[in-house]
Amino acid sequence: MDANYTLTREHLPKNYIYPPPTGGSVVSDNRLALDFSYELDFWGKNRARLQAAVSQRDAADADAQAARNLLARAIVRSYLNLQNAFAQREVLQRVLSQRAEVVDLTRGRKAAGLDTEVEVKQAESSLAAGRVELTRNETTIAQLRNQVAALAGAGPVRGQALAPVALTAPGGVIPASVPLELLGHRPDVTAARWRAIAARHGIEAAKAEFYPNINLVAFAGFEALGTGRLLDAGSRAAGIGPAITLPIFHGGELNANLAGRRADADLAVSDYNQTVLDAVQQTADAIDALRLLGREQAEQRQAREAIDAAYDLAVRRYRAGLGWATICRC
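Take the sequence shown: its letters are residues 45 to 374, numbered as in the working numbering.
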């Protein structure tokens with residue numbers, strides 16, 4: 045519905061429906077009316093457009109959720125990297141303490157005539173290298189703190205408050221597989237599915253364009269020659285009737301539009317299929333990684349225990365004057 049007012053200066057012909065003196069004069073044609081128009085959706089065009097718009101809205105909502113999930117994963121990943129850097133700092137500090145102990149032992153052995161200045165310098169060089177590694181680690185920690193704070197939408201001060209915490213491996217039974225129905229709830233898969241559905245509705249709307257467009261039109265208001273009597277009761281006017289538009293000369297345009305909608309649908313379906321395949325691969329990779337994580341942790345514990353035993357044995361032999369002290373831990 046629209047409200048319209050038009051004022052047209054018009055020269056009326058003498059030989060028309062208006063008698064003299066109106067005929068042959070210049071008058072003001074005034075019209076003040078409410079115009080109504082309602083499209084009768086016999087072919088489902090508007091319904092298909094509405095369904096396509098709703099599907100696009102749902103796809104946008106799913107995209108927003110996918111973006112939130114992506115941000116959450118980025119925060120968790122950065123936080124875990126920060127905790128890993130904290131753990132590395134603890135190891136580096138312990139190694140640095142051990143290397144300082146070796147320096148003291150080497151200096152004592154040199155004073156006892158068991159080592160030379162060469163061994164002392166080697167031990168001091170190893171200690172200096174450890175300090176460099178620790179400094180690099182501190183730089184990494186500072187950068188990761190700032191990264192976590194930035195991803196969380198906070199300032200650097202928030203990142204400085206992050207401290208080391210003891211992290212434990214997640215428990216529970218690792219599933220051998222994940223049903224595809226469950227993967228269908230992923231936001232990225234949901235968004236791709238809604239876009240494919242919207243594209244199918246777009247095809248339906250494009251097909252309906254080939255049929256006649258039928259509108260119910262009406263108006264009510266005032267019409268008068270001149271402005272003095274525009275709002276008089278005798279100037280009231282109203283009308284109602286159908287308006288039919290036949291797309292006779294738009295066949296090429298409509299065919300091109302339908303072909304474009306079909307191409308969009310094919311692309312949307314292809315994107316959906318690829319999104320599902322990517323989700324399956326990512327889930328399978330994650331399950332395999334979790335399954336192998338326990339074995340990797342056990343092997344790392346065994347390697348760490350062997351290194352600790354080798355270091356303790358090397359220090360005891362070195363103190364007893366039976367061998368060189370080689371610090372290989374890092």
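Derived from the structure by calculation, the hints contain no laboratory data.
Accuracy of the hints is not assured; some may be wrong.
As the list claims (entries may be wrong) - In silico SDA-like cross-links for lysine to any residue, where the CA-CA straight-line distance does not exceed 25 Å: (1) Lys89 x Leu269; (2) Lys58 x Arg189; (3) Lys251 x Phe86; (4) Lys251 x Val313; (5) Lys165 x Val201; (6) Lys251 x Ser99.
Please read these numbers as outputs of a predicted model, since none were measured by experiment.
_Those earlier numbered hints the structure runs against, lowest number first_ = As far as the earlier hints go, 1, 2, 5 are violated by this structure, in ascending order.
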